[in-house]
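Asks: Sequence lines, in order, name chains A and B. So in the working numbering, spot 475 of the first sequence is number 475, and the numbers just go up one at a time. So in the working numbering, spot 33 of the second sequence is number 33, and the numbers just go up one at a time.
Worth flagging that the hints you see were computed from the coordinates, not collected in a lab. Quick reminder that beta carbons are idealized off the backbone N, C-alpha and C, glycines included. It cannot be assumed that every hint is accurate.
Here are some, though not all, of the chain A residues that point toward chain B, as calculated from beta-carbon distances under 7 Å [claimed, not checked]: (1) Pro76; (2) Thr84; (3) Ile86; (4) Glu87; (5) Ala120; (6) Arg124; (7) Gly128; (8) Trp386; (9) Leu921; (10) Asn1046; (11) Pro1047.
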Amino acid sequence: MASIQSPPPEGERCIALPIAVRVFTRRSRRKPEWEERKAKPLKRRYPAEALVFDTETTRDPSQRLLFGVWRLYRDPWGSEPGVTCIEEGIFYPDDLPERDPRGFETLRRFVERSRSAAVAGYSRLGEGHHIVLRPLSWWVDRRLLRYGYHHADRCHVVGFNLLFDLARLAKYWSPGRGYYRGGFSFGLKGRFDATGNWKDAKYAVRLLVKAIDPRRSLFAWGSWSRGREYKGADARFVDLRALSFALTDKAHTLESACRAFAYPYEKREVAYGKISARMLEYAREDVEATAQLYRACLAELRRHGGIALDPSSLYSPATVGTRYLEAMGLERPMDKFDLHPRIHGWAMSAFFGGRAEARIVRTEVPVTHADATSMYPTVNALLGTWSLMRARNLCTEDATDRVRELLQAPDLFERCFEPGFWRAEIRVTLVEIESPQEQILPVRGFYDPDSRDPRIGLNPFSYDGRLWYMLPDVIASAILTGHPPGVVRAIRLVPRGIQDGLRPVRVRGGPEIDPRSTDPFMAMIEERQRVRANLDLPEDERDRVALFLKITANSTAYGVLARFDRRELARSATVEVFGPDELPVGAKTKNPEDPGPFCFPPVAASITAGARLVLAMLERSVTDAGGAYAFCDTDSMAIVCLPRGGSVACQTQRGRSIRALSAKVVRSILARFDDLNPYDRDLVPSFWKVEHDSLVSPLLCYTISAKRYLLFRRGKGNAVETLTMVDSVEEAEQAEEIGGSHEDELVDWKEHGLGLYLDPIDPERPRRDDKGRRIWIRQAWEWILRRDVATPLPSWARTLALTRFTVSRPTVERWFRAYNAGLSWAERIRPGSFGLLAHPSGYFADLAGVRQPAAPYESDPRAWNSLPWYDRRSGERLKVLTATGSDADELADALASGAVIVETLGQVVTRYSLRPEHKSLGFNGEPAGGETMGLLQRRPVLSAPVLTDLAGKEGNRLEERTTGEVTDPAEYRVEYGSRVNRWSALVVPVLREMGAAEVAHRTGRSRRAIERAVSGRTVPHPSNRARLTAAAAEWVAERSDEGGANPFGLLYAHARQSRSRPRKLGR
Amino acid sequence: MVEGCGACGDPIVRKHHPTGRDDHGMYLDPELIQDLCHDHHELVHDDLKTLELEKVAQALTWFERVEIRFRRGAAYCARLDQASPTTTLWGILARILERWADELARGIRLLDELYPDWRRHHGFYPEPPTGR
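My request is simple: use the sequences and hints to build the entire structure.
Replies: So this is what it looks like as structure tokens:
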């Protein structure tokens, strides 16, 4: 441990920022057996069956079952499944004949006059070849349980969004336990006794469901009864929503998934919520489309010969990638290599997502948009990480002298353009640096004072201590600043031999890839280019294969290496936390993060660092040529460019214009990278792809903040022709951790930020333009581009800004406990149902305290204001209204009566356009705000071990966070405290300085309690510590000219300036 | 020459009675037998279970015994037809048998409507087997 290194010079403003570093955790005890449960292998001598079903529901808040349609398919094992339909039927709630006799009569008449879709010959006594009509209890017993449970080893239960459909069948539900904690346990067979308690029928199993996210769920059958563990096969539920996502890396509706698999399907227009012949036909068509999609997905899986792809357990492209690595015989790196966990801890502390930043904001500039070809597989190839992954063993090598030498080399920047430099010198190398001073390094900082989540920025970073970085980041810092940081030590991972058992695989039936001699990621990218160029293949097939290769290459090259799975346990587990320090610290958590099968932090951290080095090289090339860039985003950069160069209006520190590089200069800059292109030049001719022909005809770029930008061209009459609209929320860089590929992420996320709000005209069928973009978002962007607040927004601006959520967890279900109280189970809001969230308006959000309005789902925007709104936290009824159109008295009365003022879409769009780029300074050197325009500067960051949080994975539950469903960081991120105890290092000294009397006066605590706390005899309760910390920060703020900074930042700045009192604040 | 499964030609392990048994467990047509492999035997019996044609709970009239023969036979023919990549005679037979069954079922329904007591007459039922 060392003391403060260099107190700031007299008069320097010292703004210290708390930061976070990722850690690697290891459980102190072995995981319990139930956490390790694995599916039993399939018995293959039986026929293959598929029970395909879909449910239709009422439109009231309970969204209870109206009726369901099913088809049963049975085919000999080995033939194509889902071909021979042997039964088609409709099931209805048991009480339908009494509750809705007309609806039941409609059902009865419909089945009498409708021929079943079953193959000719499959008919029943007394019913012939008609559709079978049965009550729900019969269907659950004779179809779901018989085929889903008893035939679990041979029957797939198939649906689209199964969580929703299965929840319609449940008579009772309760929170899941064990592995399914955080999910639900559905009671399907049983009764409520006289006291209203649920009793499962004898030998009736529960169905366990747990949502990974609103799109994907895990399913299993529970035990027969308490204490008797079911020993049979696992449930084989195929949720086509998850499967189509895994195969295409895109979130689909049933219609879009069918289109993606070349089965054109368009839902017919029907009046939902009522049994009618049209509705019944609609439901039958839905089931038929589901069955076709199931066949198409299975046909797609069959193309991956020799790869164990079980459709019931594919949740993401990363799972597909994992299966390929397993098929290659690659052993799991964590098991194979005998590396000390502290190396993983150091690597994790050096792990950052992709670099995303805005440089020119709220100013239209002409740009050339350059995008790297498959950045992560390329970096993998450059660093030679495959030789590490396939090695028999790894050893660590001290590379300190070598790294110091190369960082000092005058030609370091030039050498970065040599592929040999990457493979021989950079490799997978961890570097510990000492007290960096204004080094441009990635920092996970709490830049946004209103957010509790850290963001990754690349800033001049000063740190009073040591930190680990991957070598590419250190080189990037050296080439951007001109002076390398002080290297304490460097550790390089060196492969030894090649492991046994590696075998060739064919990727989707294509050419053989031998992992012993070929880098599979490179081979996949090359094969992708080959497929794209192969005009003999049908266009559909060509696109599908190319897409698959891209997804798999990206997920295996990076996604699976950085995979950590967050668990939810009933009791805290003890974990060892390996961070940037030498020794681990102990911690207890209910949400331990277990590494995924092929997780390997040193390589994962190197890949993103390598991508940042590439961007740093491009940035340096552009700035050396006198140019500038508008934004960069993981693997792309928008370079300010005009065909013949020139000057572009843009506010900067020095003037009102910046220099646009000529197309010729930009072309030569990009061409310089071509030596780094590891692929066959015939297939991938250049390192950078210039998007939208923007070198010849530059695009216009308007950036709000990182990942919120619009690339467009102005058409006739100055109309905007939008090309790429990107406005991802903060976590896009973290989303890559779950295996998404960057390019698809843009497609997927491009309407996020605004796209998460329901369409103000028709939420069920949003109006879209010919390119599939939502009309209202286009109108919002057009309004933003006008930059004239006097121009009114379209009429939808007054509509409530609502997001949709799914009741996917017991915590969400509890939001409606007041609604559910007194209702029968059939009438309650059940798991899987949808709901609406309104968002308290900015200023009023504080007045509303913690009240968060939620309501059952309603698709008619005209009814949104009058829905039964509930406070998510207390379950109490509340009223919502908007500030727009209400006068002050009206608002005051409403607030006094407990109403919540919520945002309209107009407010959302305005706020969206004013989002500051927190991690930068404006051209004038002040922190960038909502109206900052022009060329931004990097924001200097000062931090220290005492301001460094040890944090777990940030990328959990991204979707729920974007919709506002999850707001508490404890629900998605594990924090393991700080590197150095802040209480004793920062707060206690200031409290001592203040004196017990002053502290007592400010906090209202007794002097004795304060004296005990200050003397170290007791550690106050966290709430008291928070109060004392706030008092200390307030006291310090009164004595300095800093305002609004983080309290710990203030205390640290105070401690740092007290030269006479050097304090141990960490190494 | 060793004959194979009637559906796929695999080695035979089961003898199958396509028209199955009556409510007394006696084969309706003992001499109607086809050799099947294990998988296809499982398959055709699973089909009968799904269609609730395998076990007969109540006593069947002569007419119903014929109807159930037709329906079981139709399901069996449909399965054999599935085993072939092209439409075969089995498929046509399945449709025809199903049609006969439907026509018979219509007649039985009419009898039920016009003469509700007809099922009480023991002449419509076969003699129960003796000596079992």
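Asks: Hint by hint, say whether it matches the structure.
Replies: Each hint tested on the structure:
Among the interface hints, the one on Pro76 of chain A holds; its C-beta lies about 6 Å from the nearest C-beta in chain B, closer than the 7 Å criterion. The interface hint given for Thr84 of chain A holds, since its Cβ lies 5 Å from the closest Cβ of chain B, which is under the 7 Å cut-off. The beta carbon of Ile86 of chain A comes within 6 Å of a beta carbon in chain B, closer than 7 Å, and the hint placing it at the interface holds. Interface hint status for Glu87 of chain A: upheld, as the beta-carbon distance to the closest one in chain B is roughly 6 Å, under 7 Å.
Evaluation of the Ala120 of chain A hint against chain B yields a held restraint, the C-beta minimum of about 4 Å falling below 7 Å. About 5 Å separates the beta-carbon of Arg124 of chain A from the nearest beta-carbon of chain B, less than 7 Å, and the hint is met. With its C-beta approaching chain B no nearer than about 5 Å, Gly128 of chain A sits inside the 7 Å limit, and its interface hint holds. A cut of 7 Å between beta carbons decides the hint on Trp386 of chain A: the least distance to chain B is about 43 Å, and the hint is violated.
For Leu921 of chain A, the interface hint is violated, since its Cβ never comes within 7 Å of a Cβ in chain B; the closest pair sits about 71 Å apart. About 66 Å separates the beta-carbon of Asn1046 of chain A from the nearest beta-carbon of chain B, more than 7 Å, and the hint is not met. A hinted interface residue such as Pro1047 of chain A counts as satisfied when its beta carbon comes closer than 7 Å to some beta carbon of chain B; here the least separation is about 68 Å, so the hint is violated.
Taken one by one, the earlier hints fail for this structure at numbers 8, 9, 10, 11, listed in ascending order.
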